[in-house]
Structure formats: C-alpha cells, structure tokens
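4 protein chains.
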Amino acid sequence: MEKFAGTIAIVTGGSAGIGKALIKRLLDKSVDLTVVGLARRPIEEFASFSNFRGFQCDVSKADQVQAVISSIQREFPGKSVQLLVNNAGHGKPLPLLDHSSLNDSCTIKVDSLEDVSSVYASQLNTNVLGLSLMTRAVSKLMDHQKCGNIININSMSGQRVVPTPNSHMYSATKFAVTALTEGTRQELRQINSSIRANQISPGYVDTDFFQAFSMEEGYQEKMKEIVKTAITSEDIVNSIMLCVEAQPGCQIGDIQMRPTVQKL
Amino acid sequence: MEKFAGTIAIVTGGSAGIGKALIKRLLDKSVDLTVVGLARRPIEEFASFSNFRGFQCDVSKADQVQAVISSIQREFPGKSVQLLVNNAGHGKPLPLLDHSSLNDSCTIKVDSLEDVSSVYASQLNTNVLGLSLMTRAVSKLMDHQKCGNIININSMSGQRVVPTPNSHMYSATKFAVTALTEGTRQELRQINSSIRANQISPGYVDTDFFQAFSMEEGYQEKMKEIVKTAITSEDIVNSIMLCVEAQPGCQIGDIQMRPTVQKL
Amino acid sequence: MEKFAGTIAIVTGGSAGIGKALIKRLLDKSVDLTVVGLARRPIEEFASFSNFRGFQCDVSKADQVQAVISSIQREFPGKSVQLLVNNAGHGKPLPLLDHSSLNDSCTIKVDSLEDVSSVYASQLNTNVLGLSLMTRAVSKLMDHQKCGNIININSMSGQRVVPTPNSHMYSATKFAVTALTEGTRQELRQINSSIRANQISPGYVDTDFFQAFSMEEGYQEKMKEIVKTAITSEDIVNSIMLCVEAQPGCQIGDIQMRPTVQKL
Amino acid sequence: MEKFAGTIAIVTGGSAGIGKALIKRLLDKSVDLTVVGLARRPIEEFASFSNFRGFQCDVSKADQVQAVISSIQREFPGKSVQLLVNNAGHGKPLPLLDHSSLNDSCTIKVDSLEDVSSVYASQLNTNVLGLSLMTRAVSKLMDHQKCGNIININSMSGQRVVPTPNSHMYSATKFAVTALTEGTRQELRQINSSIRANQISPGYVDTDFFQAFSMEEGYQEKMKEIVKTAITSEDIVNSIMLCVEAQPGCQIGDIQMRPTVQKL
Ligand SMILES: NC(=O)c1ccc[n+]([C@@H]2O[C@H](COP(=O)([O-])OP(=O)(O)OC[C@H]3O[C@@H](n4cnc5c(N)ncnc54)[C@H](OP(=O)(O)O)[C@@H]3O)[C@@H](O)[C@H]2O)c1
Ligand SMILES: NC(=O)c1ccc[n+]([C@@H]2O[C@H](COP(=O)([O-])OP(=O)(O)OC[C@H]3O[C@@H](n4cnc5c(N)ncnc54)[C@H](OP(=O)(O)O)[C@@H]3O)[C@@H](O)[C@H]2O)c1
Ligand SMILES: NC(=O)c1ccc[n+]([C@@H]2O[C@H](COP(=O)([O-])OP(=O)(O)OC[C@H]3O[C@@H](n4cnc5c(N)ncnc54)[C@H](OP(=O)(O)O)[C@@H]3O)[C@@H](O)[C@H]2O)c1
Ligand SMILES: NC(=O)c1ccc[n+]([C@@H]2O[C@H](COP(=O)([O-])OP(=O)(O)OC[C@H]3O[C@@H](n4cnc5c(N)ncnc54)[C@H](OP(=O)(O)O)[C@@H]3O)[C@@H](O)[C@H]2O)c1
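Quick mapping for you: the protein sequence lines, in order, are chains A, S, F and L. Throughout the first sequence, residue numbering follows my numbering, covering 16 to 279 in sequence. Throughout the second sequence, residue numbering follows my numbering, covering 16 to 279 in sequence. Throughout the third sequence, residue numbering follows my numbering, covering 16 to 279 in sequence. Throughout the fourth sequence, residue numbering follows my numbering, covering 16 to 279 in sequence.
Hints may contain errors.
Identical chains blur together in the list; that is why a pair holds if it fits in one copy or across any two.
Unchecked claim - Below, a list of computed lysine-lysine pairs in the DSSO-like style, where the Cα atoms sit at most 30 Å apart:
1) K44 / K94
2) K243 / K76
3) K237 / K76
4) K278 / K237
5) K76 / K39
No lab work stands behind these hints: they were computed from the structure.
I would like the entire structure built from these sequences, with the hints used as guidance.
Here you go:
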C-alpha cells in the first residue's frame with residue numbers, strides 16, 4: 016500500500032455491502048491514503064477517519080459525477096487519484112419475457128411498458144453508464160506514470176447466463192462490464208499508462224443486494240438459507256487487495272469467486 | 016416460409032442497411048406474410064407491397080413502442096407475430112478514456128461529461144434497452160405453440176473486444192446483447208415455447224453504419240477501401256434466412272460472420 | 016458450388032452420421048467435384064458415384080494420414096483440395112472424478128488408471144490431434160489463391176460445460192477445437208490465403224454418436240426419446256453448405272445450433 | 016494454512032519455475048504439511064525439508080502416476096491429500112499450418128507428419144491428459160468432507176487465441192484445461208465435496224518456459240527484453256495462496272493475470 020501514499024482512492028457504492036467493507040479496509044491499512052466514498056445515501060460510517068471524505072452522488076448522472084470531480088480537484092489540489100473501484104451497482108428482478116410462469120415472489124410488479132423501461136434502464140444506467148462516466152472522468156485525475164488501479168466489480172453473471180429469468184437484464188449489464196474492463200485495459204496500454212485494469216466477478220455475496228429484492232416472508236426465509244453459505248464482503252475485499260497490492264508490473268485481470276456450494 | 020403464412024414479421028431498423036435488405040427479401044419470398052418495419056425515419060421504400068406496413072418509432076422509447084404494438088393489434092386482429100428481428104442499432108465513436116492519442120478523425124467531439132453521457136446512453140438505449148422493450152412487448156403478440164423466431168442482430172463486437180477505442184462502448188452494448196439472446200432462449204424454453212432465439216454476429220458489413228461516422232475526407236477514403244472487402248447485407252440476410260427456414264425442431268443459436276480478409 | 020469445380024473435397028468420418036450425409040449432399044450437388052471420404056471402416060455407400068473415393072484411415076495416426084495424402088497426390092495430379100471438413104470425432108463416457116454417484120448406465124467400466132488413460136486419449140487423439148494432422152497436411156494441397164474452406168465440426172460442448180460428468184473430457188477436446196478453428200483462421204489471414212476457416216457447433220444430432228454409448232436397454236429407451244427431438248444430419252449439412260456457398264469475401268465463423276427443445 | 020495441517024499437498028512440475036516457487040512457499044508456510052513434488056527430472060532443491068518428498072514422474076504416463084499414488088499411500092498411511100496443484104506443462108513452438116512465413120527462429124524443425132504429431136501430442140499429453148490423470152487419481156486420496164483445493168495452472172492462452180502461430184496448439188491444450196477446471200468444479204459439487212476447483216491463468220511469467228524454446232541468439236536477446244517486464248513465479252504463487260487460504264466457503268474460480276505492459 017505504500018505505493019499509494021499521498022494519493023486518493025475512490026470507491027463508488029460506499030454506503031453498504033462490498034463498498035463499505037472496502038473503504039473500511041483501505042482506511043485500516045493506510046493513513047496516507049485519502050479515501051473518497053460515493054453513494055446516493057450519505058455515508059455516515061467513517062466520520063472518525065480524517066482521511067475519509069464522502070459524497071452523495073448518483074453515478075449515473077453526469078452532472079452529479081462532474082460536481083464530485085470538481086470538488087475533489089478543489090479540496091485535494093495536487094493529489095492524484097491512483098485507485099478507482101467501480102462498485103456501485105444493483106439488480107432489479109424482472110424477466111425479459113412477460114409470462115406469469117417466469118415471475119416469482121420478488122419479481123417487480125409492472126403495469127406498463129414504461130414501467131418495464133424504468134426497471135431495465137435503472138440497471139443499465141448505474142451498472143454500465145455510471146461505471147463508464149466514473150472511469151472517463153476519474154482517469155483524468157490519475158497520474159498515468161505511477162502505479163494505480165481501475166477495478167470494476169463485475170459478477171459471475173457477467174461471465175455466463177443462468178436460468179433465473181429475474182436476473183437476465185442484470186446479467187446483460189454485467190456482460191457489458193466484462194467488455195468495459197477489457198476495453199479500459201486496452202486503452203490504458205495504448206496510452207502507455209501504468210494504471211492497471213482489474214475486475215472481480217463474484218457469485219452470491221452476503222450483502223443487501225439480494226435481500227432488498229423483496230420483503231415477502233417466503234423470500235426472506237429462502238434468502239436466509241442462501242446467505243448462510245454465501246461468500247462475504249471480506250472475501251471480495253481480499254481479492255481486491257490482491258489486485259491493489261500486486262507489484263506494479265503485475266496486473267490481475269479477472270478474479271472469479273463463488274460460494275463453494277454454489278452449483279451454477 | 017410457408018410455416019409463417021398468415022402471420023406478421025417485425026423488423027426494426029428497416030429504413031437502411033441490413034433491415035431494409037431483410038424486408039425486401041421477406042416481401043420477395045412471401046405474399047402471405049405481413050411485414051412490419053420500424054425506424055425513426057419514415058420507410059418509403061416498400062410502398063408497392065400491400066403486405067408491408069411501416070411505422071416511425073424510436074425503439075428506445077417505451078411510449079412509441081407501445082403505440083406501435085397497439086396499432087398492430089388494431090390493424091391486424093387475429094394475426095400473431097411469429098418473427099421479430101431486432102436489428103435497429105448504431106455505434107457512436109468515442110473511447111472510454113479521455114486522452115487525445117485515442118481519438119481519431121471520426122471520434123465525436125465532446126465538451127462536457129454530459130456530452131459523453133449522451134453519446135454512451137444513445138447506444139445503450141437503442142442497442143440494449145430498445146431491443147429489450149421490443150422483445151418484451153412483441154413476445155406477447157406471439158403464438159408460442161407455433162414455430163417462430165426472435166432474432167437479435169448482434170456483432171462480432173459482442174464476442175470479443177478489439178483495440179479500436181472508438182468502438183469500446185458499442186462493444187459493451189453488444190456483449191449485453193449476447194447475454195440477452197441467451198436469456199431470451201432460456202426463458203422461451205422455460206415457458207415451453209416453440210419460438211426460437213437466434214443471433215447473427217457480423218463483422219464489417221457494407222451499410223451506412225460506419226460511413227456515417229464522419230464526413231471527413233480521409234475517413235471516407237479509408238472507408239471506401241474497407242467497404243470493398245466488407246460483407247454485404249445480402250450475406251447477413253442469407254444467414255437470417257437459415258435461422259428462419261430451419262425446420263421447427265432446429266434452433267440456430269449464433270452465426271458469426273466476417274469479411275474473409277478481416278484480421279480481428 | 017461452381018467455384019469448387021475441378022477441385023477435391025475431403026470429409027473425415029464419412030462412414031456414418033453427419034459425414035455420410037455431407038458426402039451425399041456434395042455428390043448430389045456437383046459432378047465436377049471429387050469427393051474423398053475417410054473413416055476407419057470402409058465407406059461402401061457411394062460406389063455408384065465415379066467422383067467419390069474412399070480411404071480407410073484413422074486420422075489420429077500420422078502415417079495413415081500421410082499415406083492418404085500421398086495417394087491423393089498420385090491419383091489426382093494437378094487437382095487442389097479446396098474443401099476440408101474435419102468431422103471425424105467421438106465421445107467416450109467417463110467422468111473426470113472416480114466416484115460412483117457420477118456414473119450412469121453408459122459410463123465406461125475401467126479397471127485401472129491405464130484404462131482411464133486409454134478412454135481419455137482416444138478422444139484427444141481423434142478430436143484434437145487427428146483434426147490438427149489433417150489440417151496441417153491438407154492445407155499443403157490447397158490453392159491459397161482460390162476460394163475454399165476448412166470446416167471443423169465442433170459441438171455446443173466446445174462452447175460451455177454442461178453438468179453431465181460423462182461428457183466432460185469430450186467437452187475439453189471440443190474447447191480445444193474452438194481454439195484450433197480460431198488459430199487456423201488467424202494463420203490463414205497471416206499468409207493472405209483465400210481459404211476460410213469455419214466451425215459448426217451442434218447440440219444433440221440424430222446420429223450413432225450417442226446411441227453407441229451403451230446397449231443397455233434403459234439407456235436405449237431414453238435415447239429414443241431424445242432422438243425424437245434431436246436435430247438431424249441434414250440440418251448440419253444445411254449449415255455447412257451456408258459456409259461453402261457463401262460468396263468468397265464472406266467467412267462464416269461459427270454456427271451454433273441445437274434442438275429447439277434443448278434446455279442447456 | 017492451519018486447515019491443511021496433517022495433510023498432503025501435491026505439486027506437479029516441481030523441478031522448475033512456478034512449481035518450484037510454490038513448493039518453497041508451502042514449505043516455508045507450514046511444517047505440518049507434507050509437500051510432494053513431481054517432475055520428470057529429480058527435484059534436488061528441498062532436501063533440507065523433512066516434510067518434502069520428491070518423485071520422478073511423467074504425469075502423462077498412467078503407470079508412472081499410478082506408481083506415485085501407490086507410494087504415497089504406502090509412505091503416508093492415514094494422511095489425505097487436500098491440495099493438488101496441476102502445474103506441469105509445456106509448449107512446443109509449431110504453427111497449425113505448414114507455411115514458411117509462419118515460422119520464426121524458435122519454430123521446431125519437423126521433417127515429416129510423424130514429427131508434427133510428436134510435437135502436438137507432447138503438449139496434449141502433458142497439459143491435458145496428464146492433468147486429467149492426476150485429477151482422477153489424486154481425488155481418490157482426498158477427504159471430501161474437509162476443505163481442500165484442486166488448482167489447475169492454465170494460461171491466458173486458455174482464454175483467447177493470440178496471433179502467434181507457434182502458440183496455437185498450446186492454446187488449444189489450455190482451452191481444454193478451461194473446460195476441465197469447470198468440469199471438475201461441477202463434479203465436485205455433484206458429489207457434495209468440500210474440495211474447491213481453482214484455476215490461475217497467467218500471461219508471460221519469468222520462468223524457463225519460453226527461454227527454453229530456442230538457444231538462437233536473436234531469440235535469447237528478445238526474450239531477455241520480455242522477461243524484464245514479465246510477472247514472476249512469486250506473483251503466481253501469491254494468487255495460488257489466495258485460493259488456498261480463502262475461508263472454506265469461498266471458492267476462487269479463475270485468476271487471470273498478466274504483465275501490466277502486456278498488450279494482448
Ligand atoms: N451481492 C452479490 O451477491 C453480488 C454478486 C455479484 C456482484 N455484485 C456486485 O457488487 C457490487 C456491490 O454490491 P453489494 O453486493 O455490495 O450490494 P449493496 O449492499 O446493495 O450495495 C450497493 C451499493 O451501491 C450503491 N449504489 C447503487 N446504485 C447507485 C448509484 N446509481 N449511484 C451511486 N451508488 C449506487 C448503493 O448505495 P446507495 O443505495 O446509497 O446509492 C450501495 O452502496 C455491485 O456492483 C453488484 O452488482 C454483488
Ligand atoms: N454495418 C456493420 O458493419 C455491422 C456490423 C455488426 C453489426 N451490425 C449491426 O447491424 C444492425 C443494423 O445495422 P446496419 O449496418 O444496417 O446499419 P445502418 O445502415 O446504419 O441501419 C441502422 C438501422 O437502424 C435504425 N435505427 C437506429 N437507431 C434506431 C432507433 N433508436 N429506433 C429505431 N430504429 C433505429 C436506423 O433507422 P433510422 O435512422 O431511421 O432510425 C436504420 O434503419 C445494427 O444492430 C448494427 O449494430 C452492423
Ligand atoms: N451427434 C451429436 O449429437 C453431435 C453433437 C455435436 C457434435 N458432434 C460431432 O459431429 C462429428 C460427427 O459425429 P456424428 O454425430 O456424425 O457421429 P457418428 O455417427 O458416430 O460418426 C462419426 C464418424 O467419425 C468417424 N471416426 C471416428 N473416429 C475416427 C478416427 N479416429 N479416424 C477416422 N474416422 C473416425 C466414424 O467412422 P469410423 O467409426 O468408421 O472411424 C464416423 O464416420 C463429431 O466430430 C462429433 O463430435 C456430434
Ligand atoms: N511461463 C509462462 O509464461 C506461463 C504462462 C502461462 C502458463 N504457464 C503454465 O505454467 C505451468 C508451469 O510452467 P513454468 O512457467 O513454471 O515452466 P517451466 O519453468 O518450464 O516448468 C515446467 C515444469 O513442468 C514440468 N513438466 C513438464 N512436463 C512434465 C511432465 N510430462 N511430467 C511431469 N512434469 C513435467 C517440468 O519439469 P521436468 O522438465 O523435470 O519434467 C517443470 O518442473 C505450465 O502449466 C505452463 O503452461 C506458464
């Protein structure tokens with residue numbers, strides 16, 4: 016981590032789950048690193064750390080992202096961002112086809128094609144557009160002569176499509192992320208940057224991600240069972256740290272990780 | 016084609032390129048098929064065919080798609096749609112990183128992150144969201160007991176990322192399509208539908224697609240050279256027809272096709 | 016097909032299934048094409064065609080392949096081979112792990128690691144080594160200035176791994192074929208050849224392939240059911256012909272095809 | 016590592032490169048672990064460690080593998096093997112097509128199709144068949160109720176095909192490994208094993224792997240340059256240890272890693 020001393024790390028989706036655990040780890044690891052967290056909700060967690068700075072920001076809105084970028088430049092003049100973790104993301108359960116047998120208790124109720132459009136767009140806008148806006152804007156704040164990382168939190172759903180209709184649009188957004196990570200890597204090489212592009216592709220992780228899908232009791236019971244065997248935010252953070260702490264000449268491309276018991 | 020007699024075929028992006036060539040072929044092949052074409056521009060081409068009906072429709076807008084669906088139901092009562100070809104799509108040249116050495120003569124000029132957002136969103140909204148809205152809405156008009164096809168026009172850019180920064184966001188949208196085709200296939204199987212999900216993944220095709228990128232002379236010259244060896248809309252239509260004319264028990268999943276001379 | 020007049024087509028695995036159906040189609044389509052069939056068994060089928068020539072040849076044995084190559088050069092001086100279809104292949108049901116619950120009625124009985132080795136090696140040697148020996152040797156007999164095709168019969172098992180332990184080694188051999196088709200394509204481009212590299216990736220096809228796995232009655236009954244919905248050799252041949260008949264500038268890369276009802 | 020105390024770890028290809036570095040790390044980390052190394056050459060390195068045991072064994076030969084298995088059972092009665100690292104592997108530079116312009120200074124000289132066959136078979140037999148024999152035989156020595164790992168050392172060449180003709184057959188063998196890792200994972204799940212299947216996919220690593228290709232001076236000079244930026248065996252071992260040290264419920268699937276400067 017010493018190589019990141021005096022620089023800024025930005026983590027999107029820092030108000031919960033993986034993002035929150037990562038911010039905690041980074042703050043625990045280094046006092047010389049300024050850690051910036053973004054989320055739509057205020058991040059109150061890390062008030063005790065003087066090297067933490069939270070921003071309310073919906074990453075899918077260009078004006079909000081631009082405002083954060085400007086603030087960072089103003090508040091931390093002379094500091095470069097050497098670590099960007101594109102972690103903000105969500106799924107909204109809705110199949111591709113409109114057929115009752117594909118729905119289950121957590122499928123979102125939609126009344127019109129407008130509703131369908133909102134559900135699909137919400138995922139595309141955060142997981143793909145938001146991630147891309149952050150990459151484009153933050154990469155301008157990076158010192159490309161020095162070691163750093165742009166890390167996308169992808170998913171096993173970005174690697175293969177599983178027969179859960181509710182997840183199919185989410186899976187499409189994560190396939191897009193697979194392309195974006197590789198595209199980012201290629202562009203970094205083309206400009207001879209020292210920044211590394213990495214991706215983590217988890218299966219079930221014990222966060223609010225799935226739990227939030229439905230308050231229905233049967234669903235919550237089922238989720239409790241799944242969560243017992245899920246991997247944890249700490250497991251993901253360990254993998255992120257492998258990417259970050261690797262010596263500058265070594266770029267981890269993709270780390271796929273799942274609960275040991277996960278079938279698909 | 017006899018198995019499609021008395022039914023409707025919908026082709027999006029029918030005002031140019033592949034879509035226009037496909038409509039022509041379908042009309043030439045069968046008078047018993049009602050062919051519906053969608054595009055943002057009016058489709059004037061097929062006025063002489065009584066079994067053609069064109070609609071102005073931006074497929075990324077739920078209200079416009081819904082309006083077309085309602086019209087089809089009203090105008091063709093009792094007819095099911097057994098063929099949907101999601102062909103509407105476009106690329107907008109802009110890299111993921113903001114670095115002058117990645118730009119070339121056709122890279123779009125952007126002045127702000129808002130501009131970047133518009134360029135990225137335009138591709139996501141047509142290629143991913145629009146395709147999904149069409150699939151969701153049109154699949155309700157299909158008779159799932161009878162043979163039919165939902166065909167997505169993907170791209171070789173949906174299979175692997177090439178080192179052309181301008182195409183990286185486009186590639187991400189087409190990776191998403193790869194997931195959508197497989198997700199659609201799985202959902203069709205889950206509802207025991209007889210409809211088949213197919214995908215065509217072309218390399219360079221001689222259409223307006225790339226030519227429209229830039230009016231700059233050097234670019235147009237270069238394009239003229241590439242187009243000499245490009246595959247044609249007719250080649251793509253041949254592949255689409257293989258999917259359509261296959262016996263009902265045979266589902267073509269993906270047809271990848273490139274100019275013989277294409278390196279990547 | 017006229018572009019192949021006066022040339023030679025070689026089909027491996029011509030004594031049954033897809034290979035036999037393809038030879039028939041080629042002979043029916045053209046009298047100007049010399050069709051050569053290879054199999055370990057003698058191919059007696061096409062005696063009535065003067066433009067057919069069969070060879071007994073195990074494609075995994077370099078000396079036997081070399082002998083066929085020499086015969087072709089001797090018997091057809093001045094003719095080039097413009098079409099090679101690497102179709103010979105087989106699966107042998109045996110899981111990767113030795114655990115009784117993974118075996119079913121058609122799993123091969125093995126008594127030692129030597130037996131395991133023979134079962135695995137048999138598939139590797141035919142599906143990967145044999146295909147490569149044919150490609151290397153036959154590509155020397157091709158006129159690279161003229162249109163032609165090297166077509167590998169891959170499998171959906173070369174695209175993703177399904178949870179049928181018996182098929183896992185077979186799947187590994189077909190993943191290798193996926194790499195070989197792309198490697199062949201790249202090398203053909205590097206030598207500026209006009210020959211096209213293609214691949215067909217079928218799911219269940221109604222041939223002897225699976226039927227031969229076990230004579231056990233329960234298995235044969237189950238197979239009879241599966242075969243009812245399987246695609247046919249004719250379907251595969253239609254796809255092969257799309258690759259062959261495409262205009263010279265158009266190279267089909269991969270055609271994936273499955274029974275419409277196939278879940279995985 | 017405590018969870019592996021009292022058990023055996025087997026590393027194939029322990030006489031050089033990654034395998035040697037891994038054995039060293041394991042021995043340094045734990046005295047409670049018995050480390051077994053296999054290679055065709057004798058492994059003299061670790062004589063000072065009482066918990067190390069080396070075997071001369073060509074993993075592609077079933078009888079030699081069986082002999083090692085029997086020795087382990089005899090020498091370490093009551094100990095289970097909880098860690099298998101399938102690392103033995105090699106490439107032999109030879110293109111798929113026989114065309115002088117595809118050859119370079121390290122391409123193997125071949126005089127006949129028999130020679131070609133030996134070069135191809137050597138890679139298939141070690142990288143695919145040998146790995147499979149080890150997996151099949153060693154998985155019988157594992158306690159599937161307890162945490163453990165089967166780790167395949169794959170390659171970035173197992174993920175995509177690069178335009179280096181010399182590497183195309185090697186790439187095919189590593190594509191096969193990609194399928195074998197996933198097949199192994201699925202079978203472990205089907206028998207409810209606690210053993211995890213993992214894979215590491217490196218780009219250029221600074222070992223004897225490439226250096227051994229040719230003694231030609233130009234080649235050795237070029238290699239010296241590449242090696243300056245290559246990742247190291249230590250980097251790979253760090254990734255292997257992430258898989259091994261992950262908590263039992265967390266299974267790392269694949270770790271892709273390349274030199275930061277590697278273009279492809
Ligand atoms: N949990 C899993 O099983 C799993 C598996 C694979 C991949 N992932 C991926 O892991 C990442 C993190 O997920 P998680 O499991 O930690 O889920 P989580 O607990 O639901 O946390 C998601 C985080 O993203 C933030 N976020 C969502 N939309 C945002 C937006 N438009 N702008 C800014 N922040 C936004 C949320 O904060 P606000 O609500 O305050 O905005 C929250 O901090 C996601 O990319 C997810 O796709 C998760
Ligand atoms: N050409 C290639 O090299 C190539 C390669 C691989 C894949 N593809 C794919 O092939 C498909 C067809 O492209 P093409 O080559 O035929 O290009 P094209 O000549 O530019 O035609 C594109 C068509 O899509 C329509 N379209 C675009 N956005 C739309 C929207 N939002 N709503 C409705 N219609 C829309 C256009 O009509 P309006 O302008 O009137 O809306 C036009 O009819 C696309 O999906 C493309 O990604 C093309
Ligand atoms: N059937 C399916 O469901 C299916 C699905 C996907 C892919 N495929 C692929 O399709 C191809 C053809 O299979 P098929 O379904 O037609 O099976 P098939 O009916 O069993 O025919 C296989 C053919 O390959 C020949 N063959 C096998 N090993 C050979 C060797 N070492 N040397 C020369 N010829 C050999 C056989 O002839 P001899 O016995 O006379 O040698 C036979 O002619 C194979 O590559 C297979 O992997 C089949
Ligand atoms: N180096 C790279 O750039 C790179 C990149 C990606 C993947 N890999 C993979 O990493 C693994 C290790 O390679 P490395 O780079 O460490 O190469 P290395 O230095 O050449 O070591 C290879 C090891 O494998 C052993 N080996 C080879 N064939 C064997 C056989 N039939 N039976 C038993 N042992 C055998 C060798 O020992 P003996 O000669 O004594 O048998 C040696 O110990 C290989 O699977 C390789 O494919 C390497």
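So, going through the hints one by one against the coordinates:
For a Cα distance limit of 30 Å, the shortest separation of K44 from K94 inside one copy, 19 Å, qualifies, whereas the shortest one across copies, 39 Å, does not. Proximity of K243 to K76 under the C-alpha cut-off of 30 Å is found in neither arrangement, the shortest distances being 36 Å within a copy and 42 Å between copies. For the homomeric pair K237 and K76, neither the shortest alpha-carbon distance inside one copy (35 Å) nor that between copies (36 Å) is at most 30 Å. Proximity of K278 and K237 under a CA criterion of 30 Å is satisfied in both settings, with 16 Å inside one chain copy and 25 Å between copies.
For the identical chains of this complex, K76 and K39 are intra-copy neighbours only, at 26 Å inside a copy versus 42 Å across copies, given an alpha-carbon limit of 30 Å.
Of the hints listed earlier, those the structure fails to meet are numbers 2 and 3, in rising order.
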